[in-house]
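From first to last, the protein sequence lines stand for chains A and B. Per the working numbering, residue 1213 is the first one in the first sequence, and the count goes up by one each step. Per the working numbering, residue 31 is the first one in the second sequence, and the count goes up by one each step.
Careful, some of the hints might be misleading.
[To be verified] Simulated pairs of lysine to any residue, SDA-like, Cα-Cα distance not exceeding 20 angstroms:
#: 1; chain 1: B; residue 1: K117; chain 2: A; residue 2: T1497
#: 2; chain 1: B; residue 1: K117; chain 2: A; residue 2: F1481
#: 3; chain 1: B; residue 1: K52; chain 2: B; residue 2: R82
[What the hints assert, rightly or not] Using C-beta positions, here's what the derived DEER-type ranges look like:
#: 4; chain 1: A; residue 1: H1564; chain 2: B; residue 2: A142; range: 33 to 41 angstroms
#: 5; chain 1: A; residue 1: G1562; chain 2: B; residue 2: T121; range: 50 to 58 angstroms
#: 6; chain 1: A; residue 1: S1245; chain 2: B; residue 2: L123; range: 53 to 61 angstroms
#: 7; chain 1: B; residue 1: N119; chain 2: A; residue 2: T1287; range: 44 to 52 angstroms
#: 8; chain 1: A; residue 1: T1538; chain 2: B; residue 2: I85; range: 57 to 65 angstroms
#: 9; chain 1: B; residue 1: V126; chain 2: A; residue 2: H1564; range: 46 to 54 angstroms
#: 10; chain 1: A; residue 1: V1403; chain 2: B; residue 2: L139; range: 42 to 50 angstroms
#: 11; chain 1: B; residue 1: K154; chain 2: A; residue 2: Q1451; range: 43 to 51 angstroms
#: 12; chain 1: B; residue 1: W110; chain 2: A; residue 2: M1485; range: 37 to 45 angstroms
#: 13; chain 1: B; residue 1: T148; chain 2: A; residue 2: H1499; range: 34 to 42 angstroms
#: 14; chain 1: A; residue 1: R1532; chain 2: B; residue 2: K154; range: 30 to 38 angstroms
#: 15; chain 1: A; residue 1: D1379; chain 2: B; residue 2: L139; range: 47 to 55 angstroms
These aren't lab readings, by the way, just hints derived from the structure by calculation. Treat the numbers as computed from the prediction; the structure is a model and nothing was measured. Here a beta-carbon is modelled for each residue, glycine too, at the ideal position from N, C-alpha and C.
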Amino acid sequence: MEFTISSKAKTLTLVLMILGIVGIALGAWLEFSYHDNGARFTQRFLGNLLIDSFFFFAIGLGALYFLALQYATETGWYASVKRVIEGVAGYLPYGVGFMLITLLTISLLKGADIYVWMDPEHVKHDEILTAKSVYLNQIFFWVRTLAYMAVYMIFWMGFKKRSLLEDKVGGTDIHFKNYRKAAVFLVFFAVFSSTSAWDWIMSVDAHWYSTLFGWYVFAGMWCSTMIVLVTLTLYLKKQGYLSKVNENHIHDLGKWTFATSFLWSYMWFSQYMLIWYANIPEEVTYHLTRIEHFKGLYFGMFFINFAFPMLLLMSRDAKRHAGVLTAVGLIIFAGHWVDVYLMIMGGSMGHHAYIGALEIGMAIFFLGFFIRVILTNLTKAPLTPVNHPFLDESIHHEI
Amino acid sequence: MAEKVIYAMYDDDDVLKDGAKKLVAKGVKVADVFSPFPIHGIDPIIGVRHTRLGIMAFLYGLTGLTLATVGMRYFMIEDWPMNVGGKPNETYLDNVLAFIPITFEFTVLCAAHGMAITYLLLNKTLPGMPASNPDPRTTDDKFVMELRLSDNSKFSESELMSMLNETGVIEVDQKEIH
């Protein structure tokens, strides 16, 4: 209510979306004119749609998870940035919509060469996929997908409703209700963030599996979420909002960015090293295809996502410095996008994939839409919660 | 040279903090505060400089990283090339993944031990060192503020005492330290 989107931000997000559409159109034209008359256009287009739908959906979901984490642990410091987290989590309905549209289209096209296990003709001649079809079949896939989405949406709508209600009525009843609901959500999320990553992403490499994969995807999405939260908070501070947020809150968000970067690097390395050490043919395929076709991108992405936050965000002063946080944040945000790009394109298009106008256009379109949705969400509630029980603690937060 | 020191004792950390704030506002220099636990926010009030232990931790970690890398390169590649699971072992880089966990652990080991020892040395609290706190009760439930007369030459002793008495002090002690 107190926050209004500046005309500059409105123009910028609109320009991003238009540029994105131009990029997609240019990419499509190039694909049809120069690459076998668009033989791989459907695969490339839907693959990109999946990358960006998932990447931004995961950030919304990550914000919901982060909010639930604060409720369940009864944290105090976050109260003054709570509406920022809710603003990002408010992208969830749109993210779910994009995910469902993308998955439905791929599903109707029998996998569109992205999920090969969706094509009965292919599975018939593939022993491994025939054995896996108990789990990887369209019906069970949709049961799971709809169940995940429904549960995420129900929890999000509940949290949102109670958060706005708390502003009006106050007291601690809502707080304790959030506490219990968040604990249930975390249990659900702990199991199903992993299985949903297998369903939506790991099944692109249909033969390959890794038990660690779900946590790897989860760590990446958590890190991207923290980057969005810290840059958004810095943006709002710079616009003169969030007067209750001081550099200690920024420091805490910076620490989360730093820590989740390490979590992600640790997961990436654990998965990579174990597979490298054991050197079993069916396991190494995942990394081999990515090293063969995307060597620079694959290792470069790991180096950037690991070394940049480690070296630049290690000191206390850096985590309190808006410029450093934003610069590192934007770089590793792109790095984590490339991570998702390699997860999906490495397994589907392989050596035909490259980052061109279509990829960049789609990413920019989604980015513009994502920012616009978040800023619109922020206008709908007071930027500082009115009656949060830990608000006073948060205002006096000092580390 | 002997120096006169005033020890003001409090039984509440918040009272001490408020007292310190008032004294510093009047221009008094507080030399140190002794407390059974860290008092949140006292550092900027009495003007303790920010610790540089973090920088030392980074340097110790760097030392560990270097030692581990140089050591393992010599043990496993140069002196007695080890063939584990048929992995290429011509250069360190071929096998670097296998060495990373150990390098990581050794970095942490060096950083943690270096930091702990530095901390104990700086505080003069290595095992067996004589205690330097003015009153054993500061390890239990009392808080002591230390004022040095040489730091506060613009105030007389009685002026300092009267200012202290306004801050809710429960006991004031004077000592000559050498």
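Hint by hint, work out which the structure violates, then give me just those numbers in ascending order. 3, 4, 5, 6, 8, 9, 10, 12
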